[in-house]
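**Student:** Under our numbering, the first residue of the sequence shown is numbered 1, with each subsequent residue one higher.
Honestly, the hints are just simulated from the structure, not real lab data. Cβ atoms here follow ideal geometry from the backbone N, Cα and C, with glycine treated the same way. A portion of the hints provided could be inaccurate.
Derived lysine-lysine pairs resembling BS3-like cross-links, with alpha carbons at most 30 Å apart [what the hints assert, rightly or not]:
1. Lys104 to Lys140
2. Lys27 to Lys140
3. Lys27 to Lys104
4. Lys27 to Lys110
With beta-carbon atoms standing in for the labels, derived distance ranges [said to hold, decoys possible]:
5. Leu59 to Met172: 36 to 46 Å
6. Met26 to Gln184: 49 to 59 Å
7. Lys140 to Thr28: 48 to 58 Å
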Amino acid sequence: MTLQADAPNLLVQPAHERAERPLEMMKTATGYVLSEDPALVPTVVMGRFMGVCCVLAGLGLFLIPVSAGWLAQLVLSVALMVVGGLFATRRGQNRQTEVEVDQKRGVLRKRIVERGGVSHTVAQFPFCEVRGLEVEGSGKRSALVLDHGGRRRPLLVGAPEALHSAAHMIGMDLLRARQERQEQG
């Protein structure tokens with residue numbers, strides 16, 4: 001989505017499109033769904049890194065010449081390589097978090113999407129009970145945090161620019177819903 005400003009040659013892009021790693025956004029019949037960037041969730045990457053480190057440590061230990069205790073060295077290096085191989089090749093959780101903004105019902109839903117595409121709603125927040133949205137963290141990885149009834153809950157993980165844009169979008173929908181509710185009642 002690109003917006004054209006007053007000057008004919010000036011194009012302005014929303015922050016979630018300018019970000020290094022934008023959030024995935026899907027329009028639905030009642031609102032939209034924002035999905036976190038799975039590349040910024042560190043669980044699978046760290047497991048693979050630890051696995052490769054164990055394999056390299058096992059190979060390094062195997063190559064060191066030892067005259068006494070060579071059997072223990074052999075067993076330890078093979079064990080390190082096997083454990084490292086298991087860590088490096090295991091399938092991670094590959095869970096992805098989504099936030100559904102249901103404008104029709106006035107509800108935010110946090111869902112977990114499993115590897116097979118099955119999704120589970122883990123939390124639901126009515127617009128009227130949301131106190132605020134914040135982006136915490138810096139660098140390449142931040143979290144969108146929801147203040148709900150005095151409790152702070154992380155919603156999404158992603159690039160800071162994309163999360164700021166998402167917080168702005170969700171905040172505008174929250175304000176619009178509150179204004180409509182005040183006008184009706």
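**Student:** Would you mind marking each hint as holding or not holding in the structure?
**Tutor:** Tested hints:
With a C-alpha separation of about 33 Å, the suggested pair Lys104 and Lys140 falls outside the 30 Å cut-off, and the hint is violated. Under the criterion of a C-alpha separation no larger than 30 Å, the hint pairing Lys27 with Lys140 is consistent with the structure, at around 26 Å. Between Lys27 and Lys104, the direct Cα distance comes to roughly 13 Å. Compliance with the 30 Å bound is thereby established for this hinted pair. A C-alpha spacing of about 16 Å is found between Lys27 and Lys110, which places the hinted pair at or below 30 Å, so the restraint holds.
In this structure, Leu59 and Met172 break the distance hint of 36 to 46 Å, their C-beta atoms being roughly 55 Å apart. For the pair Met26 and Gln184, the beta carbons lie near 29 Å from each other, so the given range of 49 to 59 Å is not met. Hint check: Lys140 to Thr28, Cβ distance near 29 Å, so the stated range 48 to 58 Å is violated.
The structure is inconsistent with the numbered hints 1, 5, 6 and 7, although it conforms to all the rest.
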